[in-house]
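Start counting the sequence shown at 1; every next residue gets the next number (full-length UniProt numbering).
Misleading hints may appear alongside valid ones.
Here are the computed lysine-lysine pairs in the DSS-like style, where the Cα-Cα straight-line distance is at most 25 Å [to be verified]:
| id | residue 1 | residue 2 |
| --- | --- | --- |
| 1 | LYS57 | LYS184 |
| 2 | LYS169 | LYS57 |
| 3 | LYS106 | LYS86 |
| 4 | LYS57 | LYS71 |
| 5 | LYS169 | LYS50 |
| 6 | LYS169 | LYS159 |
| 7 | LYS86 | LYS57 |
| 8 | LYS159 | LYS184 |
| 9 | LYS169 | LYS106 |
| 10 | LYS159 | LYS106 |
| 11 | LYS50 | LYS71 |
| 12 | LYS164 | LYS50 |
| 13 | LYS50 | LYS159 |
To be clear, the hints were calculated from the coordinates, so they are not data collected in a lab.
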Amino acid sequence: MPALKSAQSLDKLNGRTVLVDMDNTIVDWDAEFIRRYAAACGRDPQEVEKIVRNRAKFEIEENFPEAERAKVLETVASPGLYESLKPLPGAVEALQALVAEGVDVKLVTAPHPTCAGTCALEKYLSVEQIFGTAFQERLIITRDKTQVQGDILIDDKPKISGCKPCPWKHVLFSQSYNQDVQGKVRLSSWTAWRDVLPRAF
1 MPALKSAQSL DKLNGRTVLV DMDNTIVDWD AEFIRRYAAA CGRDPQEVEK
51 IVRNRAKFEI EENFPEAERA KVLETVASPG LYESLKPLPG AVEALQALVA
101 EGVDVKLVTA PHPTCAGTCA LEKYLSVEQI FGTAFQERLI ITRDKTQVQG
151 DILIDDKPKI SGCKPCPWKH VLFSQSYNQD VQGKVRLSSW TAWRDVLPRA
201 F
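Given the sequences, and given the hints that come with them, work out the whole structure.
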């Protein structure tokens, strides 16, 4: 019976369009930032990790003292950062399984304004490295995700806004800076996608 119930739940996803953010949703942006920022400032990586992994604010620079923010943004814009990001546990397998279930998966990601051009290029390279060349056709780079049609958007950002009403349901990918958000379906780990995503419909 549990297997039948699971199959029936997954039927809700068939033919749907699922939009998925990249940074800190598919790939571990924090890990690469921590490594680079600690090296650039000569700080203990564990000290930087404590700040970053437990931060209360989405925008990374807002979690550091004013005097450090320029260095933070310099690190964000450092060449190769976005190309070097590693996938979060289970993310690749989950997205491949969604595609196999007949879901139209799109990777919808915003380039960072400090390095929009190089960031966009590196995101294409990152998708190729992680998923293969064919998956690049699923990549949509935009600063306004409300312009992209879909049924759900899986994203770590606490609040998403743009020039239009959101045309999708926001499924929140859990991170430290979105723990106070209420009233949204929440995905805490990619291993839970089969149970969580059907609840969005």
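Hint check results:
| no. | hint | in the structure |
| --- | --- | --- |
| 1 | LYS57 / LYS184 | holds, 18 Å |
| 2 | LYS169 / LYS57 | holds, 22 Å |
| 3 | LYS106 / LYS86 | holds, 18 Å |
| 4 | LYS57 / LYS71 | holds, 17 Å |
| 5 | LYS169 / LYS50 | violated, 31 Å |
| 6 | LYS169 / LYS159 | holds, 12 Å |
| 7 | LYS86 / LYS57 | holds, 22 Å |
| 8 | LYS159 / LYS184 | holds, 11 Å |
| 9 | LYS169 / LYS106 | holds, 14 Å |
| 10 | LYS159 / LYS106 | holds, 20 Å |
| 11 | LYS50 / LYS71 | holds, 18 Å |
| 12 | LYS164 / LYS50 | violated, 36 Å |
| 13 | LYS50 / LYS159 | holds, 24 Å |
Violated hints for the displayed structure, listed by number in ascending order: 5 and 12.
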